[in-house]
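Model the full structure from these sequences, guided by the hints.
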Amino acid sequence: MSDEMKHEPLDRRRFLKVVGVAGAGTAALTGCSTDKVEKLIPYLVQSADQVPGIPTIYASTCTECAAGCGLHVRTREARAIKLEGNPRHPVNAGTLCARGQASLQGLYNPDRLTGPMGRNGAGKMSEVLWNEAIDQLAAAIKQAGGKVAVVSGTPAGTMSDLIDQWTAAVGGRVIRYQAFDHGPVQLAAKKVFGVEELPHHDFAAAKYILSFGADFLETWHGPIENQRGFAAAHGFDGKGMAKFVYVGPRMSLTGMNADQWVAAAPGSETSLALGLANAVLAARSDAPADAAQLKAMLAAYTPDKVARDTGLPPDTVRKLCREFTKAAPSLAVAGGIGAQHRGAAELCAAVNILNYVAGNVGKTVHFGFGMSGGSGYGAMLDLERAMNAGEIDAVIFHDSNPLYTLPKSGGFQAALAKVRFKATTTMFWDETAAVCDLVLPSLHSLERWDDSRPRAGVHGLLQPVMEPVFKNIATGDVLLQVARKIGGTAAATFTAPTYEAHLKGVWAGVAKARGAGDFDTFWRGALANGGLYDAAPAPAIVRLAAGAGDIKADQPAFDGEGLIFAPYPSSMYHDGRGANRPWLLENPDPVTRITWQSWIEINPETAREMDIREGEILRLNSPTGSIEASVYVYPGIARDVLAMPLGLGHTEYGRYAQGRGVNALDLLSAKDGQGFLPYLSTRVKPEKTGRFRKVAKTEGNPRELGRGITEAIPLAAAVKGLTIQQAYQAAGKGEHEVNPELEAEAIKGFREGQLEERKYGAYALDNPQWGMVIDLARCTGCSACVTACYAENNIPWVGEEDIFRGRELSWIRIERYFEGGEDGEPIKARVIPMLCQQCDAAPCEPVCPVYAAYHTADGLNGQVYNRCVGTRYCANNCPYKVRYYNWYAYAKRAFVEPLNLQLNPDVTVRARGIMEKCTFCIQRIRGAQNTARLEDRPVADGDVVPACAQACASGAITFGNVKDPASRVVQAAKNPRGYHVLEELNTRPAVTYLARVEYGSEA
Amino acid sequence: MTAMLDHTPKMTHAEVTRDVVATLQTPSRGYYLALFGAIGLFLVGLGTFVMLLKEGLGLAGYNPPIFWSVYITTFVFWVGIGHAGTLISAILFLFRSPWRTAVYRSTEAMTVFAVMTAGLFPIIHIGRQWIFYWLLPYPNQRWLWPNFKSPLIWDVFAISTYLTVSTTFLIVGLVPDIAAVRDKMSGWRKKLYGALSIGWTGADSQWRHYTRGYVYLAALATPLVLSVHSVVSWDFAMSVIPGWHGTIFAPYFVAGAIYSGIGMVMTLVIPLRKVLKIEHLITEYHFDNLSKLTLLTGSILFYAYTMEYFVAWYSGNTFEQTTFWMRAFGPMWWGGWTMIICNGFVSQLLWFKKIRTNLTALFVISIFINIGMWFERFVIINSLGNDFLPYAWGRMNPTWADWGILAGSFGWFGMYFLLFARTFPVVAIQELKEIIPMPRRKRGAH
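Protein sequence lines, in the order shown, are assigned to chains A and B.
Under numbering that gives the first Met the number 0, think of the first position of the first sequence as 0, with each following residue one higher.
Under numbering that gives the first Met the number 0, think of the first position of the second sequence as 0, with each following residue one higher.
No lab work stands behind these hints: they were computed from the structure.
Take these hints with a grain of salt, some might be off.
[Stated by the list, open to error] Distance condition first, Cα-Cα at most 20 angstroms in a straight line; then the derived DMTMM-like pairs of lysine to aspartate or glutamate:
| id | chain 1 | residue 1 | chain 2 | residue 2 |
| --- | --- | --- | --- | --- |
| 1 | A | K141 | A | D163 |
| 2 | A | K684 | A | E608 |
| 3 | B | K352 | B | E283 |
| 4 | A | K891 | B | E54 |
| 5 | A | K470 | A | D134 |
| 6 | A | K684 | A | E604 |
| 7 | B | K148 | A | E755 |
| 8 | A | K962 | A | D940 |
| 9 | B | K53 | A | E800 |
| 10 | A | K891 | A | D905 |
| 11 | A | K511 | A | D533 |
| 12 | B | K148 | A | E756 |
| 13 | A | K687 | A | D610 |
| 14 | A | K693 | A | E627 |
| 15 | B | K148 | A | D839 |
[Said to hold, decoys possible] Simulated DEER-style distance windows between Cβ atoms:
| id | chain 1 | residue 1 | chain 2 | residue 2 | range |
| --- | --- | --- | --- | --- | --- |
| 16 | A | K687 | B | E283 | 51 to 61 angstroms |
| 17 | B | K53 | A | G504 | 58 to 68 angstroms |
| 18 | B | Q347 | A | L754 | 45 to 55 angstroms |
| 19 | B | K53 | A | R925 | 29 to 39 angstroms |
| 20 | A | A939 | B | W333 | 53 to 63 angstroms |
| 21 | A | E756 | B | W402 | 37 to 47 angstroms |
Given the structure is predicted, the values throughout are model-derived calculations rather than measurements.
Just so you know, even glycine gets a beta-carbon here, dropped at the ideal spot from N, CA and C.
What follows is the structure, given as structure tokens:
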């Protein structure tokens, strides 16, 4: 960050301004208009809808990616404290990913720009007043006289339309660009089906899922919706489940969830897709009639040719062909960064053909949803050419940071320097802001009005849920004001005085089109709902376009020499925008379990050949650059591939991101891949530096050593309803490590003694007994629950140095264990969320000398923070290691102003020197009990939802009262797949895990 | 036995008094060097503690799942040191072992100071040191009591009882000797020792009460030798952690405590007798006997180590097996082998009489014992590093804050011990006189 920027201190007056604003004139739990937000209402005169201690929830829409998930913003005393999914929203149905939840740390980020900045006479950036900034912008646009370019990363919606109209009015061009846009997918849709839109995938309906490098569970479009669908298809329902095969150079989070990982040579996937299409077309008769024209082209792709092209064993290819042919409907997806080589458009086209011949189009692949991938990378290169040619006089960047997301080897920055006037609207001092002449701080999506149209049938609304943390002007209003200043066509185009009015005008049109009577009622209803949700549109019927079969499966070219370099979007930082949010930096990468760092993944065999160990710093040299990072030896990566996450290595972007890690894009060529940026097109030469830097991972040992922590049973056994023990015996593996019968016999006496204690005191009363069921067949390891827990429970981050010492305070963590990977066994990963098991016979409780750890009457392992003196005996004695200690005053460091405004007032902020832990969100339990008592009714099943369960898009977590035989948690726990971790210790955990279901050799 | 060394000093009673009182005269330069060295170390520890109070325990090398580390290691180390004193002064007194007389005073002082040192650690190591008293059962209006189920509370009682009894025992035993010193002093020193001797005149009635009382105190202290370290061992054994949860722990810890205590006695007394010029009072005979005790307890330890490994293998319990595999071959293998070599193997050298009577060799061995016994506790605590869930495994990595407190504990202990050795007779005058054959009664001496 430049030293020109000043951080506005948050004094008492300012604090009151932020927290004391009570959105006027609205009631209701959900949704409300805050027409008069500019009015401050002192808390002495309390507004009717604000009850201190009672959260107010506003519906809104997430803007962290283009998926447009619906939000419920939980506010307390007029500040947003937590983001949750809107249960009515068709995209996310009440769940939310880690990045969406961390949006709050964007809102309260201490590095947010506090006011506009412009170049002064000396050419230095300094703060300017808003009216000056708007005058400057208007003058510059006027002067540019039509030679204007607007680069916008805003997804479809009224704002996006406004930008189009505005740019048209001032004369200029709009480039809609986001990193990782879906260029190849869009190109392939046009080529094969002649439509200019992105397909929508229905994972839930698929019986067989095949992904060619598309990381649909983490960063590919709509990860939450995909995850929900995937959990429906692949979560075992007692009868069966879809099979999922992942083809890619690296086992990503999505790949970890696959039943089979196929490491086809990068670039050869097209051949495999065509080979499968060939097999389907040959074996099945239900292909659409016009598919016959493809027969000749496909016939060349025999399993043997495919095996030759991909480097896979012919048997593997044949088996894939057999399985894919048999399943209907199936679903093949492609277009992720994991296979975005120069032939990615061909690959996506091949996958389209595969879906078409398998009859999936219209069943699992839908067109007609109006989803667009933007202008594409080619448009950016066009802009670069235009800037170089002097055709552009003014550029405005909106929601876009191309100086970070484009490879530096390209000429974009140099071309931009030739533009006379550059402005950006951003919340942070980012790389693009650093080269601009005018920086206009935008409002966070929770502070402004807007809407979102991620796809047909979904009209999400955004509303300000609180007074802006820093007094800035929404970009929509800036554009309107500038238009008025410019006058002429621009002023005539827009009649609305404010963006809010403009938006309402647009929605008035919607209301009219729908025949809604009173607009106010319609508007309030839509706001309360978070938008309008229509039934999914009928899928458009698409047919093969001319030239659809003109696909070459040639091996694409790679720049440079050495090992193939596979950068991939980090599931936490995405395109780099998450890198300034400590929640995301501290939430371990779901695959490698690394935090706060960049790393290089390398296959163990390759590492052995090169004599490289974990933590060794490697320099990667490509034709366009070189970077250094520590090595992480990863068994889930092909031998000739090195992989690195994207999203770190910022040179600007605030205190948390700046200078952290390296940017893998520095190694890439910026050359066009015909309409998209080919991420997977570089070879790098690794070079040893001899230096070491510890990898900041939260994992001790990646193998579970046969301890039965993450259990799995074969699909066949699961279908028969066998227990884990029976499945072991059925598989001829002999006794399971722990024999439940012997075990029960051994601890019978103890158990009776323990139950005896139940007869006394509060334990004898008719209290509920809280329990949880976690279905490992559904859990993907996405780690949304982790961020939910941080947000709900005021968990401070500890930072890289303390992660080195394993001191993270993650009350719920995802443990990832590898299976196989040796002696020719395929490598597999299993994940298990580990949180306090709330043991009935808890080892932590009796050892506490001061009764800080005690058993609550409703069966929780309570922790009295005020009583804890910090002997840490409880943590030593916890077999699950789910107690966390405040070695320093972490909270002081983590919740710097204004991040502290996010703190949940219902949960203590823990001091130094005490132990903290999960108690199933006891504040939510007590809240639900209080509400029930006020309403004079018992607590109903589902009244209490812990933050982790609420966030889980897979629906893997069920919570409830185990004393209520009708509760969902009791029903779920009856599953024969149920087991307790470390049952033999007789801790009697309240968390029941359901074993993962795995495809064996049978399928 | 002809080979047995003669334990009776060839001295008169007057010479004993003279030589012992001589140790209290103006000390040598070496003494001052040692004393200031100890005070320096103590200040290092004090500074570290201030930093811990200011910043938090994060300064030390804790690495979850290792929530206890060097501080608890050192705590148990010092508690263990404290056990030789009471064994020698109380148990051997009851068994009427005459060889204890020359060394028991210094070992008893060592005991008191070691327990004083150990007692600091529970305070240093907790997270909120300023409310350490919540561990004590004191009446309060909140009606809150400590949890009597917690082994840590047992610890509080065990340590405080032990400190009380061993201090009383030391002071009571000192009274006749202080009186003897008083009689040799003049000026303000005479007044000081006169006050400390609480009116001891050497009357028959006083001797009668004194010897009675001493026997009772010895009888009271004796069970503590066994109980205190048993209780300390239960801090570990009562938990569920593999490598901690063993029934062998109480006897194993008691043997280890005595072993380490005698090691420390040797480390202290071998140079001390030189510095204070009392080689003729504490002779090779005494060290030979101490060595035999070391050999016995060292062998028990060796057996316990072997048993731990055997039981881990024989139990078939995968957690135990992993723990012991890691102890021997894991990343902290050096700790595991230091403990076995220093305690198990080195102690076996004491089968040889030549070594038992060679003070240089014994001094070297005693250093090995000190190191080995510190490592024993370090290794046991390191079992935390690889318990049930492999994902959560971690490794201890001590920092300056760990070593600062460790150094400070030696400084604190050394400071007291050195001051004691200058102020009070480190050899029990009256008991030594008892074993010297009665001279013919002369006037003016008894």
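Worksheet entry | Numbers of unmet hints, in rising order | Violated hints: none; all satisfied.
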